[in-house]
Amino acid sequence: MMESIKKYFSFGLFLGVVFLIFLLAFAVRIPQAKAGGQGGIIKGTVDSPYVSRFPALVYIDHVNGSFPPPKENPHMSQKSMTFRPHILPVLKGSTVDFTNDDTVDHNVFSPPGSATSFNLGIYGTGVKRTEKFDHLGEVPLLCSVHPEMSAFVIVLQNPYYALTDNAGAFEIKDVPAGTYQLKVWDEKIKGAPQQVTVEAGKTATVAFKGLTRR
Amino acid sequence: MRRIFFGGIFTIAFSILFLAFFSGKANAIPAFARKYKTSCALCHAPFPRLTAMGDAFRLNGYKLPQADEIYVKEQPVSMGAEAYQKVFPQAIWPSTIPGMPPLAVRIIGDANYHPFGHQTDRSEFNFPQEFAMLGAGSFGENFAFFANLGFEKEDDSYSTNPKAWLMWQNLFSGLVGEHHFNLKAGNVGRHTISLPDTRNENSFTIEDYLYVTELDFDNEPGFQADGYGRHWRYGVGVVETDTDNSDKDFYGTVAFKIGGLGFDGTGEKSEAGGVGTTPTGYWRDDSVLFGGFIYRSRVGINADPYDRIGGDARINYKDVSLAAGYIHGSNDQTEENKNIWFGEAYYFVFPWMVPYLRYENLSVSNVDNMDQSRFIVGSAMLLRANIRVNVEARIYTKNEPIEAAGGDKQDDDQIAFRVDFAF
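Protein chains in written order, with this note's numbering: chain A, 9 to 222; chain B, 10 to 432.
Honestly, the hints are just simulated from the structure, not real lab data.
Watch out, some of these pointers could steer you wrong.
What the hints assert, rightly or not - Partial list, derived from the structure: chain A residues whose beta carbon lies under 8 Å from chain B: (1) Ser-85; (2) Ser-88; (3) Leu-99; (4) Thr-111; (5) Phe-117; (6) Gly-121; (7) Leu-128; (8) Ile-130; (9) Gly-132; (10) Val-153; (11) His-154; (12) Glu-156.
Backbone N, C-alpha and C define an ideal beta-carbon position, used for all residues, glycine too.
Build the full structure now, drawing on both the sequences and the hints.
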């Protein structure tokens with residue numbers, strides 16, 4: 009009798025552990041699942057005249073979970089002696105393709121103090137070189153051949169970000185429910201982070217004000 | 010509104026006329042920075058010295074080599090759609106003019122101090138020493154123009170030295186190849202025949218080259234045919250120095266380049282880069298250049314015909330540039346023979362700081378008390394890409410003309426401070 013009870017107890021314990029593991033695994037997957045369409049929205053504005061000329065990047069500082077870099081590398085082009093795009097947000101661990109799409113030589117390097125310091129050398133038309141970005145933060149891009157050229161790679165922890173439009177408005181979709189620090193980055197101005205609480209299926213509103221020149 | 014409109018038209022017309030009739034010595038043209046929305050540093054290092062790209066741009070009729078149109082940010086005004094080429098000769102060949110008048114201003118101011126010798130007036134301020142309005146650009150694919158209105162201070166007045174030309178590029182390109190035959194009409198002369206690799210107008214020192222001031226080169230009206238390829242360029246010309254007779258001056262110049270960016274803008278530079286490396290400066294162009302010129306004046310100075318012949322070489326390696334030149338000048342009647350040689354070096358300590366040293370020696374045979382030798386030492390510093398200051402010393406080790414006149418060889422020694430900016 010006791011043997012049977014022990015067997016049923018062990019089996020029940022086993023089922024309980026399996027159930028717990030399943031629950032944990034599910035819990036870990038929640039942010040990515042919600043990113044697929046069950047999250048909330050953060051809408052708002054960056055209130056500064058600068059953003060009409062210098063768009064701001066608004067992003068969530070940290071979201072629980074892991075966010076692997078995309079399989080297809082983000083791309084930064086040098087064309088018509090201009091970096092395109094001017095601001096390239098990427099996930100940590102991303103490898104960016106840099107291509108020379110001009111008829112003149114180009115270089116790409118980042119100055120000392122950047123989140124990632126690198127120098128891709130000088131290369132001609134049609135050449136592609138790559139750089140991996142493993143550290144969060146701002147990486148200014150410069151070209152040693154053309155001093156006026158400039159762009160930024162912003163390395164982020166998660167994919168919840170948006171660039172402002174000409175009026176300073178932004179919208180971040182599919183944000184997992186939770187409370188976050190929302191940050192703003194701009195090449196000309198700076199502002200304090202804001203706390204925002206996102207509920208599934210709802211829209212949270214944020215306004216960045218009082219931004220000052222960097 | 011109407012007054013503003015006519016005022017604008019008048020200003021533009023006046024500026025163009027002004028530029029067409031007057032010019033001076035200056036060749037950094039910020040109008041191009043505006044046209045391409047690019048830094049002066051693309052073509053100058055430090056300005057007005059041309060980089061290899063700047064030289065390719067100049068030779069290509071003020072257009073970027075290979076695909077100029079994709080870089081133009083300030084669109085030109087069409088003087089006829091390109092398809093009108095197919096209608097020719099029943100239509101004017103299509104062209105363009107710059108979207109905005111390609112005007113720029115350059116101002117130079119000097120403060121000089123004479124520390125030695127017997128000078129009574131030991132210091133002088135010359136602001137501005139030079140003032141120039143510049144215009145240059147292209148009319149479509151095959152015409153380029155240059156105009157310069159300059160005023161230069163001489164004692165208490167300002168003199169002008171007109172300079173303007175129009176160039177027709179790529180003539181007979183189907184027969185002789187692209188860039189191989191261009192024709193230029195206007196003020197050519199010294200503008201293009203001074204030593205190919207140590208052109209006075211490419212210098213960023215305060216002091217002109219001794220060979221230029223001693224051999225009486227000037228901007229003369231005439232015609233020049235020239236051309237270039239990856240490694241070579243040439244020019245031959247005929248100019249007028251005396252309007253009272255039909256005699257003309259003739260000249261030819263040739264230059265070769267090994268390594269670096271070609272005269273035609275080809276020759277890709279490639280560097281590996283890597284962790285812990287710093288990118289190569291835009292001024293670098295590892296190369297060897299050598300060239301020469303010959304000039305025959307049938308008119309001469311004071312009816313004394315003369316010959317000039319010279320050659321020079323330059324080595325650019327990383328941040329260092331070394332050059333040397335030799336020029337011989339002889340006059341038919343006075344039998345004056347002048348031999349000038351020089352060596353110079355400059356070094357990019359930083360992109361904005363370029364110290365330099367030059368030694369020049371002039372020896373004259375058949376005429377006494379003409380020999381000179383001197384050092385030019387100083388540094389150019391860019392406060393911004395378009396604002397340069399120089400601190401420069403001119404030290405004579407031999408100065409026979411001054412000594413023969415009872416002076417001291419150090420009377421011409423000078424410490425100079427220059428501010429030079431363009432916009």
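Verification of the supplied hints:
Using the Cβ-Cβ criterion of 8 Å, the hint placing A:Ser-85 at the interface with chain B is not satisfied: the shortest such distance is roughly 13 Å. The beta carbon of A:Ser-88 comes within 6 Å of a beta carbon in chain B, closer than 8 Å, and the hint placing it at the interface holds. With its C-beta approaching chain B no nearer than about 22 Å, A:Leu-99 sits outside the 8 Å limit, and its interface hint is violated. The beta carbon of A:Thr-111 is positioned within 8 Å of a beta carbon in chain B (closest approach about 5 Å), and the interface hint is therefore held.
With its C-beta approaching chain B no nearer than about 5 Å, A:Phe-117 sits inside the 8 Å limit, and its interface hint holds. Contact between A:Gly-121 and chain B, as hinted, is not supported at the beta carbon level, the nearest pair being about 14 Å apart and thus beyond 8 Å. Proximity of A:Leu-128 to chain B holds as hinted, the smallest CB-CB distance being about 5 Å (cut-off 8 Å). Look at A:Ile-130: its Cβ gets to within about 4 Å of chain B, closer than 8 Å, so that hint holds up.
The interface hint given for A:Gly-132 is met, as the beta carbon of that residue sits about 3 Å from the closest beta carbon of chain B, less than 8 Å. A hinted interface residue such as A:Val-153 counts as satisfied when its beta carbon comes closer than 8 Å to some beta carbon of chain B; here the least separation is about 5 Å, so the hint holds. Against a cut-off of 8 Å between C-beta atoms, the interface hint on A:His-154 holds, since the closest Cβ of chain B lies about 6 Å away. Interface restraint check for A:Glu-156: the shortest CB-CB distance to chain B comes to about 4 Å, inside 8 Å, so the restraint holds.
Hint compliance for this structure: hints 1, 3 and 6 are broken, all remaining hints hold.
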